[in-house]
Each structure stands twice: as structure tokens, then as C-alpha cells.
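Residues in the sequence shown are numbered from 19 upward in steps of one, following the numbering used here.
Note that these hints are calculated values from the structure, not bench results. Mixed in with the good hints, there may be bad ones.
Said to hold, decoys possible - Pairwise CB distance ranges (calculated): (1) T140 / M216: 37 to 47 Å; (2) G169 / R202: 16 to 26 Å; (3) N85 / G141: 55 to 65 Å; (4) N85 / E201: 38 to 48 Å.
What the hints assert, rightly or not - Here are the simulated BS3-like pairs of lysine-lysine, each with C-alpha atoms no more than 27 Å apart in a straight line: (5) K240 / K187; (6) K187 / K220; (7) K175 / K187; (8) K220 / K175; (9) K240 / K220; (10) K175 / K142.
No residue lacks a Cβ here, since even glycine has one placed at the ideal position from N, Cα and C.
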Amino acid sequence: MEASHWTQCVSALEAELPEQQFNTWVRPLQVLEGAGALKLLAPNRFVVDWVNANLLPRIGELLRNQNGGDVPVVTVEVGSRTAAVRPPPPSSPPPPSRPRRTDGLVVGARLQPDFTFESFVTGKSNQLAKAAALQVAENPGRAYNPLFLYGGVGLGKTHLMHAIAHMIKERDSEARIAYVHSERFVGDMVRALQHNSMNEFKAAYRSLDALMIDDIQFFANKDRSQEEFFPRS
């Protein structure tokens, strides 16, 4: 099966699906072609399950139309084309460990141990949020940066934030993560302004691998906080 058929299929899905849905479920997919078959590689099991349940029949229909009526075998599984062709690394001494932060910004001890992706109850109202959170945890700093979770009280926003932190730590034990309330961020900034130490404040927060702010609506009408949190460059 030709790669151009999948490219045309992706273009058709992009025209049919809402932008957010396309970016969440279709754009992360990678493809491996074979004779009469097509294997789609997804970043995680949640994307695999959603594509199988909601998109696979339409994908098959589009590919059949582009393939002269022949029905290709389409499968979806967790994987990465880059990982599949990556050569074994050369023998070399391990890199030195990153120095650990000791200024209190790494707050792994405050994470709820039960707030993981495995314990998160998924429904129609939050499946998109969970999928996006999984992509952030697997690709910190690259996928959905920043990710904004919005919803009512008790719908799992904090749970997902803790789950992201847990997965990042599992994948990189040296990762520097801060989970703070928005009032803490504003308070730190105010103290930095009072003590003329904004450079230290910026360096501390910007050196993190992941920063999670709870109740970010506290930034409303606080222009200076928004400028620091969402820098223009």
C-alpha cells in the first residue's frame, strides 16, 4: 500500500473532524505500510482504543476508495516509527546525573499517590482531557504546551495534573517538576519584586522540566502574573 493513500486519508479526516479532535486522535498517528496492509502507530493505549472504536471504519472506507476498491488490513497499536528503526546506542559511559534542586520547587512529595492515569475514571466528558494529558506526560514540553484543563469542581482536573507528574517521574526519575497553586506562583513573584530578585525567580521556574499550576483562574486580572507565565518570547 502506498504512503500517498494514508496522506490523502489524513487530509480527508482533517476536513471532516473538528480541529481539536483531529489534533488529538489523528495527528499523533504514524504509519507503517505493507503489501495490502497498513499499521498505525499511536503514542498510547488510550489513543489506540479511541481510534479503533470511533475512526477505524471511516479510515478503512477512505483507504478502500483510494485503493481502487481493495480493502486494506488496518491495525492500530502503541508504538513509534522512530523507535522501531532506532539503532542500538554505542557503548559509552552513562552521562552524569543532573543535580537535584533543593529550593523547594520540586514537590514530588506533595503528589497524591493514588492520582494516576490508571485510577482515573474516564467518561465522554473527560476522555479528550485524558488523552491530551497522556500526550503531555509522554512528550513534556512538546505536546500541548501549555495544556489548559477546564471544568467544574470534582471532574478530575487535579487528578490529571498529578497523573502527568507521576508519569513524567516514572519515565525520568531526575525530572524537575513543580506542582503549585496559582496563589503560590503569584506570591513568589511578589516577593521577588519586593526583593529585586526577579532574575532568580525566573531562573527557578524556567529551569523546571514541568510546571503545573492549580486553579490558574486566580491569574485573572493579574496582568504581571500573566506576562511572566505566558512570555511573548
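Against the structure, the hints:
1. Between T140 and M216 the Cβ separation comes to about 41 Å, which falls inside the hinted range of 37 to 47 Å.
2. Taking the beta carbon of each, G169 and R202 are about 22 Å apart, inside 16 to 26 Å as hinted.
3. At about 36 Å, the beta-carbon gap between N85 and G141 misses the expected band of 55 to 65 Å.
4. For N85 and E201, the Cβ-Cβ distance of about 57 Å falls outside the hinted range of 38 to 48 Å, so the restraint is violated.
5. A C-alpha spacing of about 31 Å is found between K240 and K187, which places the hinted pair above 27 Å, so the restraint is violated.
6. A distance of roughly 23 Å separates the Cα atoms of K187 and K220; the hinted pair therefore holds under the 27 Å criterion.
7. A C-alpha spacing of about 19 Å is found between K175 and K187, which places the hinted pair at or below 27 Å, so the restraint holds.
8. Annotation: proposed proximity of K220 to K175 holds, straight-line Cα distance about 26 Å (limit 27 Å).
9. The hinted pair formed by K240 and K220 meets the criterion: a straight-line CA distance of about 17 Å does not exceed 27 Å.
10. With a C-alpha separation of about 15 Å, the suggested pairing of K175 with K142 holds against the 27 Å cut-off.
The earlier numbered hints that this structure contradicts are 3, 4, 5.
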